[in-house]
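The chain contents come next:
There are 2 protein chains.
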Amino acid sequence: MEKITSLCKRRGFIFQTSEIYGGVEALWDYGPLGALLKNNIKQEWLKSFVQARDDIALIDTPVIMHPKTWEASGHLKNFTDPLIECKHCHARFRADHMKEGNFVGQGRAKEKNQCVQCGEKEFTETKQFNLMFKTFLGPIEDESHIAYLRPETAQAMFEDFAQVLETMRFKIPFGIAQIGHSFRNEITTGNFIFRSREFEQAEIEYFVKPGEDERAFDEWVESWEKFITGLGVKKENLRRYEHKKENLSHYSKRTIDIEYKFPFGWSELTGIANRTNYDLSQHSKFSGKALVYFDEEKKEKYTPYVIEPSLGIDRLVLAILIDAYEEIKGGRTETTKSTKGEEVVLKICKKISPIKVAILPLVKNKPDLVNKAKEVYKLIKNKFYCQYDEVGSIGRRYRRQDEIGTPYCVTVDFETLEKEDVTVRDRDTMKQDRIKINNLIEFLSGKLDL
Amino acid sequence: MEKITSLCKRRGFIFQTSEIYGGVEALWDYGPLGALLKNNIKQEWLKSFVQARDDIALIDTPVIMHPKTWEASGHLKNFTDPLIECKHCHARFRADHMKEGNFVGQGRAKEKNQCVQCGEKEFTETKQFNLMFKTFLGPIEDESHIAYLRPETAQAMFEDFAQVLETMRFKIPFGIAQIGHSFRNEITTGNFIFRSREFEQAEIEYFVKPGEDERAFDEWVESWEKFITGLGVKKENLRRYEHKKENLSHYSKRTIDIEYKFPFGWSELTGIANRTNYDLSQHSKFSGKALVYFDEEKKEKYTPYVIEPSLGIDRLVLAILIDAYEEIKGGRTETTKSTKGEEVVLKICKKISPIKVAILPLVKNKPDLVNKAKEVYKLIKNKFYCQYDEVGSIGRRYRRQDEIGTPYCVTVDFETLEKEDVTVRDRDTMKQDRIKINNLIEFLSGKLDL
Numbered sequence: 001m002e003k004i005t006s007l008c009k010r011r012g013f014i015f016q017t018s019e020i021y022g023g024v025e026a027l028w029d030y031g032p033l034g035a036l037l038k039n040n041i042k043q044e045w046l047k048s049f050v051q052a053r054d055d056i057a058l059i060d061t062p063v064i065m066h067p068k069t070w071e072a073s074g075h076l077k078n079f080t081d082p083l084i085e086c087k088h089c090h091a092r093f094r095a096d097h098m099k100e101g102n103f104v105g106q107g108r109a110k111e112k113n114q115c116v117q118c119g120e121k122e123f124t125e126t127k128q129f130n131l132m133f134k135t136f137l138g139p140i141e142d143e144s145h146i147a148y149l150r151p152e153t154a155q156a157m158f159e160d161f162a163q164v165l166e167t168m169r170f171k172i173p174f175g176i177a178q179i180g181h182s183f184r185n186e187i188t189t190g191n192f193i194f195r196s197r198e199f200e201q202a203e204i205e206y207f208v209k210p211g212e213d214e215r216a217f218d219e220w221v222e223s224w225e226k227f228i229t230g231l232g233v234k235k236e237n238l239r240r241y242e243h244k245k246e247n248l249s250h251y252s253k254r255t256i257d258i259e260y261k262f263p264f265g266w267s268e269l270t271g272i273a274n275r276t277n278y279d280l281s282q283h284s285k286f287s288g289k290a291l292v293y294f295d296e297e298k299k300e301k302y303t304p305y306v307i308e309p310s311l312g313i314d315r316l317v318l319a320i321l322i323d324a325y326e327e328i329k330g331g332r333t334e335t336t337k338s339t340k341g342e343e344v345v346l347k348i349c350k351k352i353s354p355i356k357v358a359i360l361p362l363v364k365n366k367p368d369l370v371n372k373a374k375e376v377y378k379l380i381k382n383k384f385y386c387q388y389d390e391v392g393s394i395g396r397r398y399r400r401q402d403e404i405g406t407p408y409c410v411t412v413d414f415e416t417l418e419k420e421d422v423t424v425r426d427r428d429t430m431k432q433d434r435i436k437i438n439n440l441i442e443f444l445s446g447k448l449d450l
Numbered sequence: 001m002e003k004i005t006s007l008c009k010r011r012g013f014i015f016q017t018s019e020i021y022g023g024v025e026a027l028w029d030y031g032p033l034g035a036l037l038k039n040n041i042k043q044e045w046l047k048s049f050v051q052a053r054d055d056i057a058l059i060d061t062p063v064i065m066h067p068k069t070w071e072a073s074g075h076l077k078n079f080t081d082p083l084i085e086c087k088h089c090h091a092r093f094r095a096d097h098m099k100e101g102n103f104v105g106q107g108r109a110k111e112k113n114q115c116v117q118c119g120e121k122e123f124t125e126t127k128q129f130n131l132m133f134k135t136f137l138g139p140i141e142d143e144s145h146i147a148y149l150r151p152e153t154a155q156a157m158f159e160d161f162a163q164v165l166e167t168m169r170f171k172i173p174f175g176i177a178q179i180g181h182s183f184r185n186e187i188t189t190g191n192f193i194f195r196s197r198e199f200e201q202a203e204i205e206y207f208v209k210p211g212e213d214e215r216a217f218d219e220w221v222e223s224w225e226k227f228i229t230g231l232g233v234k235k236e237n238l239r240r241y242e243h244k245k246e247n248l249s250h251y252s253k254r255t256i257d258i259e260y261k262f263p264f265g266w267s268e269l270t271g272i273a274n275r276t277n278y279d280l281s282q283h284s285k286f287s288g289k290a291l292v293y294f295d296e297e298k299k300e301k302y303t304p305y306v307i308e309p310s311l312g313i314d315r316l317v318l319a320i321l322i323d324a325y326e327e328i329k330g331g332r333t334e335t336t337k338s339t340k341g342e343e344v345v346l347k348i349c350k351k352i353s354p355i356k357v358a359i360l361p362l363v364k365n366k367p368d369l370v371n372k373a374k375e376v377y378k379l380i381k382n383k384f385y386c387q388y389d390e391v392g393s394i395g396r397r398y399r400r401q402d403e404i405g406t407p408y409c410v411t412v413d414f415e416t417l418e419k420e421d422v423t424v425r426d427r428d429t430m431k432q433d434r435i436k437i438n439n440l441i442e443f444l445s446g447k448l449d450l
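The listed protein sequences correspond, in order, to chains C and V. End of the first sequence = 450 in the working numbering, gap-free, step of one. End of the second sequence = 450 in the working numbering, gap-free, step of one.
A portion of the hints provided could be inaccurate.
Calculated lysine-lysine pairs in the DSSO-like style (CA-CA distance at most 30 Å, straight line) [what the hints assert, rightly or not]:
{"hint": "1", "chain 1": "C", "residue 1": "Lys298", "chain 2": "V", "residue 2": "Lys378"}
{"hint": "2", "chain 1": "V", "residue 1": "Lys350", "chain 2": "C", "residue 2": "Lys171"}
{"hint": "3", "chain 1": "V", "residue 1": "Lys68", "chain 2": "C", "residue 2": "Lys9"}
{"hint": "4", "chain 1": "C", "residue 1": "Lys298", "chain 2": "C", "residue 2": "Lys42"}
{"hint": "5", "chain 1": "V", "residue 1": "Lys383", "chain 2": "C", "residue 2": "Lys436"}
Everything labelled a hint here was simulated from the structure, so no lab data went into it.
Just chain C, with the same shape it has in the complex (with noise of 0.2 Å):
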């Protein structure tokens, strides 16, 4: 893990907010490498389940909604965690995680129930606190001025889905998707990216007929899990936890989240919930309005059922990046100058990492092989994410562009300026390709399945 961040850091992948004030505890800003890896991961995610699909809508609605929303679905009520305090040194701990005695994601005490910032046994009642950031609409700080921050995108799916339904004439089955910002007033983060004050949801609200929830809920933890192994998460790090009765949610009939392996332990990458057709019944309820489907052709009315795949994308990003990377002990042996020590190769899927193609010529002292390099940069950058780069051996520009993941190295050499040819080097297999400047653009969109 130390790795990772360590790598995010430096390469401009990811870093704290704010880190000039020394940052903001549990968010995140994503640098120039990260962004682009996050951009290309919604926009993969897009095309496989709104694009690809007939029975999918795309919705974008802000953070801030009205305040009913978060009533009818519950949120006000139960989206609490349990908040405890030291009455010495009042730090605050989650009451929950104190059940083995110690302070799970917070430290290890020395002792069973110890305070684990002072050393103290001595805590306040448990308290309630709700988890949604409080603002207020409008110049007027008080109760009937209340907005919440979302901590879900869903709740706008259920709250538009009758005009996406008469507006796209969908029949059930169907599903509306959102990607968007969600925020949690976490009073416990930590594991870098992992658990963030705010953080990027990718999610669906597949509406189906109340009976075909438990066929559909199966169908959605395949294609879930498919998307993600299809990003590069392997699959020997992926596993299913299904939520006891006892433990489900208020408003689910069964969830299952798929757990990843991570540095600090297994634990939840993404779930898919069977919220029944409670959302759009509390919904009706709190609006007057009644979110119902009629059947034209068996003339019969109900309020659907829905399946909930949710992801969040910051998450995603960790796993990706975990599984991406790999450590070369002694380097690779490809150039004659390469240092012996370690490499670092991130294997990141190819259609999503960051940079696509680096262009280097061979030599950047001989003017005719920088030209021809450039040329070719600005041919290919129309088309891919790029990078020139002629500083430095030609050895250690390659394990530049290896520890970014970018996928293909174009060198221009002195055979270019001949023959109109370059070499494309291959990230994972080091296989070097002679292509003709002519057929570059379409061999590398069909290596790189754009």
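With chain C fixed as given, assemble chain V onto it according to the hints.
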């Protein structure tokens, strides 16, 4: 304007947030077509300003930042609107909007200086109201835990200046780009998505050597305008408005708004500001970290100036929709079944239109034809956003697609079954080409500039 909002609602581009609860003032949901349109605009922006350039890197940072940020930036002190309140009905107004006697954008009173709502004339003293939304990090709601929702994305680019410079090995001039939500607790709102409390920005902070700033400013005004017209906003509906020296923001040396001729009058669509070295200097001062640039060649150290082209994506969406909207009196004459009423064609720039291609079987009661059409649909939708539609006459289906701006309708007819070719109809010219199915993707890719 009413026609646009009505089309947006009817066809699923944009509707009110939490509409089932009566909506929330100045918050809007992008429905299925609007969400795709907006995503396309963002991806085009990334392509133009990040992918196609060597000197700009993307970042993606949270809405919540360290509170010191807003002290340093001046927002805590200066980001306010003057607020007055009617002593009788407690309606709130912007004092600066009352200069002409009436309340611009909040209705028109019968007499000068009269409350628009109740007609009385007594107001409270003007009070400065800060437009940043406030929240609390962690469970304690006191001064020391206040955090704000960012009112602009820009400050993250200043705080991350040193990390981006180092990890990207940039030389000046270079820029940092970001797309993301920003929040302003506006007292007066209105004009559909023109002034929302939560909106999406695409901003670049472009760092230059002092002395190079004026030239860079001019270049950015040109590039920004070119990008906007490249997405279909008509040149004749744009004009430049230069802020007078005495009205400049506290950080600005020069600001030009690019105004658009909205139905409610010329108003700011986007702006370019010369923010000088104000922000980097302030963050250096407040953080104690030197945010400076060291020129290796010339051995000189300086605080860069910054040019900021800033774009409100929602306003751009609105301008694009307005300029794309065309009503054709009496209808287009291509089919005999054309109704004689008014027809709407939404001539959205093809590369950003939400649905790129519609696949239409000529009739729906011939299984051969329908199957063939579905086959073509499957082929195309892996590449483009598509709709399959078999409901209604072919003329009616063309009109349905025209109304949402679909550039190409592909019709599968009886000849298709024999000759493996289809009719491709162009939205704007209504010209029909006969294209072999094998060549269809290539033909459409070329036309759609993708």
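Is the hinted pair V/Lys383 and C/Lys436 satisfied, with a Cα-Cα distance of at most 30 Å? holds, 26 Å
C/Lys298 and V/Lys378: Cα distance at most 30 Å? holds, 28 Å
Check whether the Cα positions of V/Lys68 and C/Lys9 lie no farther apart than 30 Å. holds, 22 Å
V/Lys350 and C/Lys171 were given as a pair; does the straight-line alpha-carbon distance stay at or below 30 Å? holds, 28 Å
Sort out whether C/Lys42 lies within 30 Å of C/Lys298, counting only the CA atoms. violated, 38 Å
In terms of the numbered hints stated before, the structure departs from hint 4 and from no other.
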